[in-house]
Structures are given as C-alpha cells and as structure tokens.
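Q: Listed here are the chains, written in short residue letters.
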Amino acid sequence: DSGVTQTPKHLITATGQRVTLRCSPRSGDLSVYWYQQSLDQGLQFLIQYYNGEERAKGNILERFSAQQFPDLHSELNLSSLELGDSALYFCASSVEVASGSEQFFGPGTRLTVL
Amino acid sequence: AQSVTQLDSQVPVFEEAPVELRCNYSSSVSVYLFWYVQYPNQGLQLLLKYLSGSTLVKGINGFEAEFNKSQTSFHLRKPSVHISDTAEYFCAVSGEYGNKLVFGAGTILRVKS
Numbered sequence: 003d004s005g006v007t008q009t010p011k012h013l014i015t016a017t018g019q020r021v022t023l024r025c026s027p028r029s030g031d032l033s034v035y036w037y038q039q040s041l042d043q044g045l046q047f048l049i050q051y052y053n054g055e056e057r058a059k060g061n062i063l064e065r066f067s068a069q070q071f072p073d074l075h076s077e078l079n080l081s082s083l084e085l086g087d088s089a090l091y092f093c094a095s096s097v098e099v100a101s102g103s104e105q106f107f108g109p110g111t112r113l114t115v116l
Numbered sequence: 377a378q379s380v381t382q383l384d385s386q387v388p389v390f391e392e393a394p395v396e397l398r399c400n401y402s403s404s405v406s407v408y409l410f411w412y413v414q415y416p417n418q419g420l421q422l423l424l425k426y427l428s429g430s431t432l433v434k435g436i437n438g439f440e441a442e443f444n445k446s447q448t449s450f451h452l453r454k455p456s457v458h459i460s461d462t463a464e465y466f467c468a469v470s471g472e473y474g475n476k477l478v479f480g481a482g483t484i485l486r487v488k489s
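Line order of the protein sequences matches chains A and B. In terms of the working numbering, the first sequence opens at residue 3 and continues consecutively. In terms of the working numbering, the second sequence opens at residue 377 and continues consecutively.
Calculated directly from the structure, the hints in this document are not laboratory data. Heads up, a few of these hints could be off.
To be verified - Once the Cα atoms are required to be at most 30 Å apart in a straight line, the calculated DSS-like pairs of lysine-lysine come out as:
#1 B:Lys488 with A:Lys59
#2 B:Lys445 with B:Lys434
#3 A:Lys11 with B:Lys425
#4 A:Lys59 with B:Lys445
#5 B:Lys425 with B:Lys488
#6 A:Lys59 with A:Lys11
#7 B:Lys425 with B:Lys445
#8 B:Lys434 with B:Lys488
All chains should be modelled from the sequences, with the hints used to inform the complete structure.
A: Here it is in structure tokens:
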C-alpha cells in the first residue's frame, strides 16, 4: 500500500459525459501528479500540482482539467468524454517537486467510456 | 525532449533463470532514472532509482540496474527470477522538465515453471 488513495476504482460512463476522479496523496506529500495509461499511448504524464498550484503540464487535453485543494487532495475532471478516453488514470504524490523525488502511485481509476 | 525505449515488449524466462530487461534513454540534460513494476490490476511500485553516485543500483526483490552514461542505458537485472516476478516493468526518466516522469512502453516479464 503506497498510501495514495484514488476513488472510484472503476467508472463506466457514456460518450459526452463528465466525470471526476479523486486522489488523496500520502500524508505529508505536497505534490500530486496525474498520469494516463492507455493501450495505444502507454503511460503519459498529464499534470502536476504542488501545494495547490499548477506546476507542470503534459499532454493534457483541453477537455480535461485538474485542481489541488487546500487539504492537498486533487481532482481530475474529464468532460465531453470520447471512446478514446477509456484508460487507467493514476495519481502519484511526492514530498518535493525537485527532479528525482520519488513518486508514490495510487491503485488507479479505470475509466470505461461506452 | 527526453524519451525512453524499452527494447523488448515481452521477455519469457524460466523460473530461477537470470533475466535482463533493457532500457535506453535520450536526454540533453542530467537524468534521473527509475524502474517501476506493475502487477496485474495494481498501481506502479518503485523497484529502484538512479539519482547520482554509484552506477550500480540495488533495489527491492533482488533487482539491480546499471547506469551507463556512454551507452545511455539503464538495464534491469535479476540473477534468479521467481514466478511471482511475473509483471510489467517500466523504465522512466525525469530531470528535463522538473519531476514529471517519462515512461517507456513497458516490458512484460513472464516467468514460467
């Protein structure tokens, strides 16, 4: 158990819908990362937050947004869902933002868009 | 931009045999290198990491990796595998753009009895 929790574990929804994925980092970790794992794209970095502020952005679609709240939990919002958004979404956390800081991964949320 | 190439998509090996999973990276700056393991229906677990110092890095579960700057490689090795090592292994790099991880495509290690 990494100490990072993600809810829900599974999510099934229809095209055009909007969903919210939730992540609680390890106690004491200030930085949260979101990654997407799909069969065609592999594991890709989406976005990073540090203590409530956006720190880095990767290949995140405009239909996707995220935020980190004062209690440090984070939410990833996916809207106007398409079939291709079906994937495993991981949240990770680290104590620092410095390169090389170990990231601890949650169990993931499996999103299926029908 | 940084990138990672895992040369083998699948590696079948018999139990108690040695194994090497290959990883090559590309980067214009100093790198930090990682190996993660993903068991079926689970998240990613860190096996080992190279930040600086000794080029031979030892990790959990008997795995080790060697950082080779001239060959831009970070191959993962285990002298004797177990059935329980069956999983997907990901090599990753960070350092060019903060702490974001750039992953390779993964190598599925299948250990047979």
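Q: Would you pick out the hints that fail for this structure and give their numbers low to high?
A: Number 1 - this is the single hint that the structure violates.
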